[in-house]
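Turn these sequences into a full structure, and let the hints guide you.
The primary structure of each chain is shown beneath.
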Amino acid sequence: MEGLSVSDANLVVYLPPSQSKNVSHAILRELSSLLFRYSETFDGVILAYAVNTPNKRGRILSGVHPYFAVGLQAKLLIFSPKPEMLLEGKVVKIVRESIHVIVLGFSSAIITNGDIRDEFRFKKKHGEGVYVSRYHKKHAIKVGTVIRFVVKSLDEEILHISGSLTPPHTGSARWLIKHFEDDKTSSGKRKEVEGELDMAERDTIDREALNKDHETKKTKKRKAAEDH
Amino acid sequence: MGVELAHQYTQFNDMEDVNFTDSQLVSHVRDALVLVQSGDSESYHQLVGVMHHSQRLAADEVALLVTSLKALSGAVSYIDSVYHQSLLNSIFSMKMWNYGPDVMDALIELVINLATSSGKYLDSCLDMLVSNFTPPLYLVEALKQPRGQAKKEQVLSRLHIALKEIARLVPVAATRLSSIVVQKMPMTFKNDGEKDRLKCRTEMYVENMLRLESGAVGEYDGNRMLMAVVDMLIELDVAIGWDDILRDDSSKGIFKIELEDDTANDEEEEEDEYGDGELPRTLSHRSLGKNIIADLLDSLMVRTFEHLESCASDNRLSEVFKTLVDSFMLTILNTYKSKFAQFVVFYACALDPDNCGVTFAQTLADSFIYGDNPLTRMSAVAYLASYLARGKFLSAAFVATILKRLVHWCWEYCKSKDGVMNPKGHRVFYSGCQAIMYVLCFRMRSMMEIPSLKSQLLFMPIESILKSKLNPLKVCLPSIVEEFLKQAKDAHLLPLPDSLIFDSLLESHLSSDFGGLERLDMFFPFDPCLLKNCDRSFIRPNFLYWKNVKTTYGGDEEDSSDEEIAEDGDGLTDNGEKLMGRSYEMQDVDIDHFDFAMSKMSITPKNAFGVQRMQMPSRIRPSTSPESL
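So the protein sequences, as listed, match chains A and B. Per my numbering, the very first residue in the first sequence carries number 71; after that it's consecutive. Per my numbering, the very first residue in the second sequence carries number 110; after that it's consecutive.
Among these hints, one or two may not hold up.
[To be verified] Pairwise CB distance ranges, derived in the manner of DEER restraints:
(1) B:E521 x A:A120: 36 to 44 Å
(2) B:I270 x A:G175: 19 to 27 Å
(3) B:K431 x A:A120: 26 to 34 Å
(4) A:G175 x B:S136: 31 to 39 Å
(5) B:Q471 x A:V213: 44 to 52 Å
(6) B:T284 x A:D78: 23 to 31 Å
(7) A:V76 x B:N482: 40 to 48 Å
(8) A:G141 x B:N482: 29 to 37 Å
(9) B:S136 x A:H196: 26 to 34 Å
(10) B:Q146 x A:S223: 16 to 24 Å
(11) A:P237 x B:K431: 44 to 52 Å
For the record, the hints were derived by calculation from the structure and aren't laboratory data. Where a beta carbon is used, it is the ideal one built from N, C-alpha and C, also for glycine.
Now the structure itself:
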């Protein structure tokens, strides 16, 4: 998943004198107030922080402000989704018109009908909506599935993402991983084979494999016909 | 037969047609929405027109509205906030209360889809749902009838389902929802003529807030709802003011308030009985009952209590209680002489004495011992004293534990300060001493009856504190000092000579000094609750009345007025246990006796200095009038 980054930030926290008794508590409080909100400064949402105060001395601000400034270094985990980024999220609702997803447990995303590629077809199974691929029947998106999708736009205030399932590398994350790994392993095997066999041999093997595939499909069809 | 079959077939065909038309309608609505952008807005305007159908719809209008709403639900992603503003406005101004269940369902579906389709409409959708928490004014009267109640349930259940669904699909919605709910809280009574209706709407709004706490936003932001409710209670509480309560009595300078039986006859009788000026006339409930704010507060408190009960049955009281205590420490504790709102915490403690009850007392004790602000500390210890004294559900052993902490603190304070009596300088200390004495007035005998607690009590350095140079006996409230010394003497807790008892009174004006005239010298937050419904059904069974307190000096020494009550069949002092053991209904019957007895427990300015015998104040009002001390 893209959109997550760890940043090292040098920050200055301004604290009122009433909090001078417990500065570390006040610093944590101040940083916690940044969590799960979009911050323009960081151009994203802070999900977590680890803080370090190298300098134990605060600086009292001159002038009318009675605040004192504490310098600190923090590691921030920032979530900043941008268009075209690939995100993962859990599906919470599927209707014909849209797929509703929650990313990282707090940000909501919607993929509308128009942004779902034609490969996926809406079906109702046991009263619940499912999007199933026309080409790979095991590639299904239902409630609870973790999907990969591409960001179209982001509403920063609500942290609402509009997403898309148009590119081919989007869909059910589990299926994609499996498919990708299968691809990888099969291509790996093929490379080994390539070293040992010449082109002609490979062709016959491929043809045989194809025929075998064809045969199994045929037998399945036949079986189905016999059953009926 | 053949005809029938043909008929059925046509029906079937019709239905198919309807289905087909439905899906066509979705695309029709889509087209209508899209065409607006190219300048053709005829069908769009038709659609907006349909949304404006609101009251007294004919069946076909209902059908059209439902179909349009459903079609729109399927086309929400085509709604554009720039081109379709009028459509959005008309959707958001629709009132659920005006429609039947079919339209409500379709509207709710549309609002859920709109809210989750894009971040842009989330706030408006939540706002629309929240504004449906209360019915339009013209429907308020109808709500009192069973049909109205059914309607209310129809609307509210749908609203809360919708809010829950939106919060599930858009987690951020919970936070935004709670902000909207808090912003839209009805707080003022603008028009006098509409007070009753507004009261009803406020009640309903709070009911919805509490429902949200246990529903849609509970998981994320439920504590904010609860805090907002408590804040509202305090605002109403403050709006009542002591002057309202004491309006009838202030001229007489009586600093005692008591709740009487609410029947008019009884009130009249009581007035006749007490109107001669010999005895303090207690507050007639009428003066508070007429107060619309008090009525509203009463009913809101009852709703909050019921909510706490439901939390207790769902096993989530401890989690809710945490919020309540936070809210208490933040607001109620520092509210100047809050009268009623604190009973919310009291009742929560009563529901779970072992956890909540203990936590509350410990939090207060911590706030007193470790706090920074002297006024907050004094307030905390006043609450603590009143809570330990009045909470019927608290065991003597627990009271002893907390008392030990207070005594220990006071003793350390005494040792660390060498100065002489200084009511203002040592006000935190004096308020601590007063708290110790107040609690012991109520609990001394019950503690003395248990040997282990008795020995604990005897080992506490109470005597050393009271005899220290800071001389708390001369500064604390004389009625409490008097009662405490009397009991302590009988229990052999303090070997004090009789003379000291009356000596202390000479300096009694100092008691107003240490808290300041306006502050805590006579503030006992958990004195009997004046709100009728709250008190009767919730507080009373958990509340320890002075009447029921067993004093160490026993029942035989009571004065003649108490014996008068005893003649009626129930002795005042020696029947304490009997009364406490009896059922609540039985106690209710005795309210008249109880009120009469309570009046005997009061202090009037007349006998504060003149008459030798003083009694424990059952209910004390602040020293607002100069004669009171």
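Hints and how they fare:
1. B:E521 x A:A120: 36 to 44 Å: The hinted range 36 to 44 Å holds for E521 of chain B and A120 of chain A, with Cβ atoms some 41 Å apart.
2. B:I270 x A:G175: 19 to 27 Å: holds, 22 Å
3. B:K431 x A:A120: 26 to 34 Å: holds, 27 Å
4. A:G175 x B:S136: 31 to 39 Å: Between G175 of chain A and S136 of chain B, where Cβ atoms are some 36 Å apart, the hint holds.
5. B:Q471 x A:V213: 44 to 52 Å: Given range 44 to 52 Å: holds, Cβ gap about 46 Å.
6. B:T284 x A:D78: 23 to 31 Å: 29 Å Cβ-Cβ, so the 23 to 31 Å window holds.
7. A:V76 x B:N482: 40 to 48 Å: With a Cβ separation near 42 Å, V76 of chain A and N482 of chain B satisfy 40 to 48 Å, so the hint holds.
8. A:G141 x B:N482: 29 to 37 Å: With Cβ atoms ~31 Å apart, the hint holds.
9. B:S136 x A:H196: 26 to 34 Å: Given about 27 Å between the Cβ atoms, the range holds.
10. B:Q146 x A:S223: 16 to 24 Å: Given range 16 to 24 Å: holds, Cβ gap about 18 Å.
11. A:P237 x B:K431: 44 to 52 Å: Check passed, 47 Å falls within 44 to 52 Å.
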